[in-house]
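Respectively, the protein sequence lines represent chains A and B. When you number the first sequence by our numbering, it's gap-free, plus one each residue, and the end is 257. When you number the second sequence by our numbering, it's gap-free, plus one each residue, and the end is 536.
Careful: at least some of the hints might be erroneous.
Claimed, not checked - Derived BS3-like pairs (lysine-lysine); straight-line CA-CA distance at most 30 angstroms:
#, chain 1, residue 1, chain 2, residue 2
1, A, 249, B, 401
2, B, 362, A, 249
3, B, 379, A, 249
4, B, 377, B, 387
5, B, 387, A, 255
6, B, 387, A, 249
7, A, 255, B, 379
8, B, 362, A, 92
9, B, 513, B, 526
10, B, 332, A, 92
11, B, 489, B, 451
12, A, 249, B, 377
13, B, 526, B, 332
14, B, 488, B, 513
15, A, 255, B, 401
To be verified - Derived coverage of chain A by chain B (criterion: at least 3 residues anywhere in the stretch with Cβ under 8 angstroms from a Cβ of chain B; other residues may be distant):
#, region
16, 155 to 167
17, 176 to 184
18, 242 to 255
Worth flagging that the hints you see were computed from the coordinates, not collected in a lab. Quick caveat, the model's predicted, so the values are computed rather than measured. For glycine and all other residues, C-beta sits at the position ideal for the given N, C-alpha and C.
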Amino acid sequence: MIPFIKKLSSKRLAILVPIPLFLLLWEIVSRVGLYNAALFPPPSRALLALIEMLKEGTLLSDAFISVKRVSIGFCLGSFAGISIGTLTGRSKFFGITLGQLIQLFRPIPVIAFVSLTIIFFGLGEFSKYFLITWGVFFPVWLNTDTGISRVESSYLRAAQSLGANTRRLLTEVIIPAALPYIAAGMRIGIAVAYICLIVAEMTGASEGLGYRIEITRLVFRIDKMIGILVVLGVLGALSDGAFVWFRNKLLPWHKWI
Amino acid sequence: MDLKEKYKMKGDSVVIPKISVRNLTVIYRGNHDTPAVQDFSFNVPAGGFTSLLGTSGCGKSTIINAIAGFVPPTKGQVLMDGNPIMGPGPDRVVVFQDYVLFPWKTVLGNVEFGPRMSGKSKNDCENIAKEYIELVGLRGYEHKYPGELSGGMAQRVGLARALASEETGVILMDEPFGSLDAQTRLIMQELLLKIWEDLHKTIVFVTHDVDEAILLAEEIIIMTASPGRVKKVIDVPMSRPRSYRDIASAEYIQIKGEVLTLIREETLKIMNVSSLVKK
Ligand SMILES: Nc1ncnc2c1ncn2[C@@H]1O[C@H](COP(=O)(O)OP(=O)(O)O)[C@@H](O)[C@H]1O
Ligand SMILES: [Mg+2]
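With the rest of the complex left out, here is chain B (with noise of 0.2 angstroms):
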């Protein structure tokens, strides 16, 4: 609330993020010690693309979690427009890393969920859901149970079945292409950025691939080691539309350059305290 009021009293225009966390501190029960996220502080602008990039363990998912309102705050606050986030809710959706879709719907039935738990009529949803489910390349894969998919095409359902949720501004993904092979992982890549490119979504992009960061996001928030802090924020100005081809630019590998710097410095952390462990 008290966003709102400063960006008044600045006489700007008033921009409120979409997406904003304020100071987050996340404390698991039983875990008093340490934090899973600590003081943790960003804004994702109204169809931003951002990328929280960070070694296994940091607090990627929490975070995540947090907007999506499943986990609430120890500390701090998450808003979105302006507004605390309550619970999880339609107007956040998430693409899971292990998809998560209902084993008991067919690809058809996934991918209405979301319209069906608005109060569309019955026509509506399925011509929703086959919009979308034709946007992700699997017409003719309507009626198929997810266990009958590979790991590519049951993502594909997953963002499909986030999209279809019209209402949805933001998507929340955490490491969804991080169990796909190399070669779906970046033709999923592609696939996302055009919709993002596309469907002016705001999407917060959890990862800890580098160059998946890289390429897809505006802006990579690069974090810290156990507890999860900001470490830096890095701005990717690259131009847009951007193809798998600019990891060769020279623009690309400066920054990847400088992430990797950062990035190796927390990994660094991780294992010397590991090593001193076993001694």
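With the rest of the complex left out, here is chain A (with noise of 0.2 angstroms):
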């Protein structure tokens, strides 16, 4: 017991500490009864009312779709990105026309847009899959744009003096010089796509994470809906962490640019 203690150095310890420590004291205020139980139930209780939806089969089925709904999302929103990105980063023509276009739709908030896609496309998953890649598209799009117009000439130079062509200068010189950037705009993308996918599901759907928010309001089971918001929380770092460690192996380079 001692030697395992004095192996925990202070960073461990402050890697190890907060979750748990955070857990304890809201189970504890929760618990004195400070305020209403039934609105702010202690982790134990949420620990319980997920297991109770696990039993009901809801929690891995809305796991699912929603995970589903964000990946789908998500690649077509960074594929659209990064393709348009490259066009108006590369071409001034594109760039301006195309350009402002986009920045106009920029900055409407995704919730804007939502009864306008239940009235054009209905309740249905493309619904979902729209608002989530519309969400997607605008942070990979700019990182992109900016990527690539931005790549110092002097590279373009070099490569031009060993010959590179126009299209080699985009494969091997003007694209993997912007990766970094890209991939910056894809992690904003992921954090995007949670948002778009709960503002979608709440709005208008049958199943998925935020569908079950909406319910578990109506049945005032606010132990069920703190479980739910738990599992988004996970999802979401889990993607994160995934999505960077991929960055790493894929752009072990990516520090140096």
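Make the complex out of the two chains shown on their own, each in a separate frame, by following the hints.
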């Protein structure tokens, strides 16, 4: 026991302590009864609620459909953002024409589009994919456009003097040089995708984590609601962690650019 | 073109300079009053080693960039093998002061860039690249990224990358050793001397370091401070192969004296101007 404690450096303590401590304080504050326990359930109750939803079968199916929506929307939005960002970043003509059009739509919050999306596309899956794709597109597009248009001219000169033609310049120099920017845009895109997911699911869905939050509100099961929030937090953190892991694997040089 | 005719008319055997800069004037946009380079002419024979020596801001990079095809002449011509240079191309490779290695490519990926652009097979590219990586003494570093290298190593990669572009007859070097420490620079100069003596490339070498110019070049073109003009062309007849020991020879010391006097005149001009501005 004592050697184990000795091994815990201050850094490890800093990693291990905060979350249990937070949960413990929350548990205590909730149980002391300062506030209505039905409105402010302790984490142990939220855990039990999660187990209950697991047994009912809703938790896994909700999480599955939500992750599916986020993944598809994220991929479509990233693909569109990278393609169009490369175009607007590379071509002066499209940079000005398409660029200003995109800049017009970019500041409008996704939530403002929900009603229109439902009117146009109905309540089916397509509306969800559309909203998430729409949201993911902007940060990925902006970062791609910036990264592509800001490639240092010295790289272009070096490549041209080594014989690169226009096509090789794009594939060998401009896109690789912009990859760290693109990756940063996609990372923002992940967070945006979850925001759009919940927006879409809370306003016209019949399954998914956002829909379940709405339902728990209606039936006043705050413990379930908090349980789902925890699941969303974990999913978001896992997605981000996985993305960073892949980026570091695929672009080991990203920190030197 | 008329250069060819001129040589023919003289009845000599046709010797066209590898690089010929003729009355080159470069004026940058938004800088109409002071040309960066004015009425600048010099020739570099095939296999020659010419150094451009001048104070900072006198237009050395501008001349290199004009030969590289990065910057168009405002007036005058830049010819290679008697033909006007229309843009950058693999027949003239540049070695930059700040290396400009591609950070997303490994050492191998950087060095095989030239061969790959010329459409060689994957195997050939790798073999050529490895040969030059070995030549600059970086075997074992093939799979490192530029970000992991010291300045001296990075510039050896820059040199290997230029040499691996094997069709290249001309290497343009813009203060290539300017950001290296004195010891590393000396080794790099010796390495370059050996490579030039072995591979018979034509080299235009820009520097503001007097010793570097004398040690390396066959001919030194001393430039005036802004706008850059040819102040004087100095022959360096010291025997080959040269080494850093030649720095102590009588011949070297005599040339250095002459060069220093000329460079000092130009430096003083700039300093005078700035002191006037201060008043
Ligand atoms: N792209 C540019 N646009 C405008 N002025 C430039 C540009 N590049 C260089 N100059 C100017 O031209 C002059 C010569 O510059 P440069 O050729 O870089 O000199 P050096 O390499 O000898 O230091 C300087 O006064 C510099 O400020
Ligand atoms: Mg310069």
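Hints, verified against the model:
For the hint linking residue 249 of chain A to residue 401 of chain B, the alpha-carbon distance of about 15 angstroms falls within 30 angstroms, and the restraint holds. As the CA atoms of residue 362 of chain B and residue 249 of chain A are separated by approximately 14 angstroms, the hinted pair is consistent with the 30 angstroms bound. With a CA separation close to 24 angstroms, the supplied pair residue 379 of chain B and residue 249 of chain A stays within the 30 angstroms bound. Under the criterion of a C-alpha separation no larger than 30 angstroms, the hint pairing residue 377 of chain B with residue 387 of chain B is consistent with the structure, at around 14 angstroms.
Only pairs whose Cα atoms come within 30 angstroms are accepted, and residue 387 of chain B paired with residue 255 of chain A is accepted, the gap being roughly 26 angstroms. Distance restraint check for residue 387 of chain B and residue 249 of chain A: the Cα-Cα separation of roughly 25 angstroms lies within the 30 angstroms cut-off, and the hinted pair is therefore satisfied. With a C-alpha separation of about 28 angstroms, the suggested pair residue 255 of chain A and residue 379 of chain B falls inside the 30 angstroms cut-off, and the hint holds. With a C-alpha separation of about 28 angstroms, the suggested pair residue 362 of chain B and residue 92 of chain A falls inside the 30 angstroms cut-off, and the hint holds.
The straight-line distance between the Cα atoms of residue 513 of chain B and residue 526 of chain B is roughly 20 angstroms, inside the 30 angstroms bound, and the hint therefore holds. With a CA separation close to 29 angstroms, the supplied pair residue 332 of chain B and residue 92 of chain A stays within the 30 angstroms bound. Of the supplied pair hints, the one linking residue 489 of chain B and residue 451 of chain B holds, its CA atoms being roughly 27 angstroms apart against a limit of 30 angstroms. Straight-line distance between C-alpha atoms of residue 249 of chain A and residue 377 of chain B comes to about 29 angstroms, which keeps the hinted pair within the 30 angstroms bound.
About 26 angstroms separates the Cα atoms of residue 526 of chain B and residue 332 of chain B, which keeps this hinted pair within 30 angstroms; it holds. A C-alpha spacing of about 16 angstroms is found between residue 488 of chain B and residue 513 of chain B, which places the hinted pair at or below 30 angstroms, so the restraint holds. Among the hinted pairs, residue 255 of chain A with residue 401 of chain B is consistent with the structure: their alpha-carbon atoms are about 14 angstroms apart, no more than 30 angstroms. Only residues whose C-beta sits within less than 8 angstroms of a C-beta in chain B count toward coverage, and the region 155 to 167 of chain A has 10 of them, enough to reach three; the restraint holds.
With 3 residues having a beta carbon nearer than 8 angstroms to a beta carbon of chain B, the region 176 to 184 of chain A meets the requirement of three or more and the stated coverage holds. Counting residues of the region 242 to 255 of chain A whose CB lies closer than 8 angstroms to any CB of chain B gives 4, so the stated coverage by that chain holds, three being the minimum.
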